[in-house]
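Asks: Residue-level listing of the chains:
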Amino acid sequence: MTERQASEDRIEPVGFEEFFARSERPVRFALSARFGFEVGREATAEAMTYAWEHWDRVAAMENPAGYVYRVGERLGRRMSRRLRAIDFTPPQVDPPPFEPGLAPALVELSSRQRTCVVLVHALGWTHKETAAFLGLSPSSVQKHVERGVEKLRQAMGVDLET
Amino acid sequence: MRLEQLGRELATMFDRGTRPISLAEVQGQQPTASSRTRRSPLLLGAAVFVVVVVAGVALGELNRPDVSAPSSTEPDVPLGGPVLPPAELGFDHLWPTDPVGLMPAELGEVFAAETLRWASPAASEFAVLDQGDVETDGTPHAGTAAPPLDEMSRARVHQPGVEELVDVITRRTEDGYVITDVGPPWFVGVQIFPSGPGGTRIHLLRIGDDVTGEVTALLRDGTYIVVSKTISVGIVDSTFVDLPDVRPEDVRSVLIRYVDAEGNVIAANGAGALSVSSDE
Numbered sequence: 001m002t003e004r005q006a007s008e009d010r011i012e013p014v015g016f017e018e019f020f021a022r023s024e025r026p027v028r029f030a031l032s033a034r035f036g037f038e039v040g041r042e043a044t045a046e047a048m049t050y051a052w053e054h055w056d057r058v059a060a061m062e063n064p065a066g067y068v069y070r071v072g073e074r075l076g077r078r079m080s081r082r083l084r085a086i087d088f089t090p091p092q093v094d095p096p097p098f099e100p101g102l103a104p105a106l107v108e109l110s111s112r113q114r115t116c117v118v119l120v121h122a123l124g125w126t127h128k129e130t131a132a133f134l135g136l137s138p139s140s141v142q143k144h145v146e147r148g149v150e151k152l153r154q155a156m157g158v159d160l161e162t
Numbered sequence: 001m002r003l004e005q006l007g008r009e010l011a012t013m014f015d016r017g018t019r020p021i022s023l024a025e026v027q028g029q030q031p032t033a034s035s036r037t038r039r040s041p042l043l044l045g046a047a048v049f050v051v052v053v054v055a056g057v058a059l060g061e062l063n064r065p066d067v068s069a070p071s072s073t074e075p076d077v078p079l080g081g082p083v084l085p086p087a088e089l090g091f092d093h094l095w096p097t098d099p100v101g102l103m104p105a106e107l108g109e110v111f112a113a114e115t116l117r118w119a120s121p122a123a124s125e126f127a128v129l130d131q132g133d134v135e136t137d138g139t140p141h142a143g144t145a146a147p148p149l150d151e152m153s154r155a156r157v158h159q160p161g162v163e164e165l166v167d168v169i170t171r172r173t174e175d176g177y178v179i180t181d182v183g184p185p186w187f188v189g190v191q192i193f194p195s196g197p198g199g200t201r202i203h204l205l206r207i208g209d210d211v212t213g214e215v216t217a218l219l220r221d222g223t224y225i226v227v228s229k230t231i232s233v234g235i236v237d238s239t240f241v242d243l244p245d246v247r248p249e250d251v252r253s254v255l256i257r258y259v260d261a262e263g264n265v266i267a268a269n270g271a272g273a274l275s276v277s278s279d280e
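Protein chains in written order, with the numbering used here: chain A, 1 to 162; chain B, 1 to 280.
Here chain A stands alone, though its shape is the one from the complex (with noise of 0.2 Å):
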């Protein structure tokens, strides 16, 4: 099951193993591209821990998903409190897994620019999806997916293509 299924299945009613299944991956994704890999992760693994807790109340929710997200983004900011950047450290390997300057280019972007950037390109969410999933509203997202892919643009020095 892909993401954008996954999101748009979100009201029906799940069990905690197959929603796990579907919004682990999305709200890592997410937590990563707002904090960072190693804060994103952990921040991500307590919010699931939380959503496992309390399944029953987190079900019930129009949007388990962006919930746990939300969760996350709370933990992530204590987490982070000490943090003076956001680490996108690529894995140590030769050659790098991923276009080297897209780190670096990254971080450039504001955190809800990174993150509307990730869930609609990397995952290739809808704008609408992924404003659900974040609580704003679809023009707001792409209005922030917009000038993150022309920071990008500009920080890699590439043309970006549609």
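Don't take each hint at face value.
Simulated DEER-style distance windows between Cβ atoms [as the list claims (entries may be wrong)]:
{"id": "1", "chain 1": "B", "residue 1": "22", "chain 2": "A", "residue 2": "107", "range": "20 to 30 Å"}
{"id": "2", "chain 1": "A", "residue 1": "135", "chain 2": "B", "residue 2": "120", "range": "25 to 35 Å"}
{"id": "3", "chain 1": "A", "residue 1": "146", "chain 2": "B", "residue 2": "92", "range": "40 to 50 Å"}
Hint data in this document are derived by calculation from the structure and do not stem from the laboratory.
In this text, a Cβ means the ideal position worked out from N, Cα and C, and glycines have one as well.
For this one, chain A is given, so just place chain B on it according to the hints.
Replies: Coordinates of chain B only, in the frame set by chain A:
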């Protein structure tokens, strides 16, 4: 590079950068610590008449912060929760909690990087102040006879791309410099007034429309209150926050960070070790 390729690169980056979390990892963990903002238990009912508390340093013209009484006909602007990573404040000064051995300009830069999340702040110290300068003089000027301890200095911090500057007032202590007040050059410090029986009103600066002011207040008992409010310049109610359960004399330090629609901090003001005079 095509946008589709960017998406694939991003997906690879995030898949390779963060190890997936397993179901067993989640279900085997201990309960998560509460992430709720700590709230003050201060609900004491003693009637206290508090003389107006104006903590902070009003430098330059004060026409931008609104200090007029709120209009009852204007709509309430709801308070929100935290919008930024938490800021730890000092008890006897604003920031950091303990001196870190930095000079005033360096301290200003680290303050901007850690609490305002500015990526490349640059600061310069431009004045050594007497205490009198801070409290009474709208235009600080250099002094020559400042004592070694309690020497007050002023540094100006600038972040490329951010219009507002942030001035920091520093005080030298035995363990190093600390920041006592911050704010844009036209208003350094914070304005706090009593509000209703046993409540506190904290004024926000009119930085601009659709800017969210996040107020972090450290109370006397060591707890924090964090509230946010979106400022609309035309709505008076949006330019202050009321803390109905907190007496002004129980507020030790306040930092207000102003966040634009993209989540960037574009200005800040605040003060630590707020002084209070009261008649009980």
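Asks: Of all the hints given earlier, name the ones this structure violates by number, lowest first.
Replies: none
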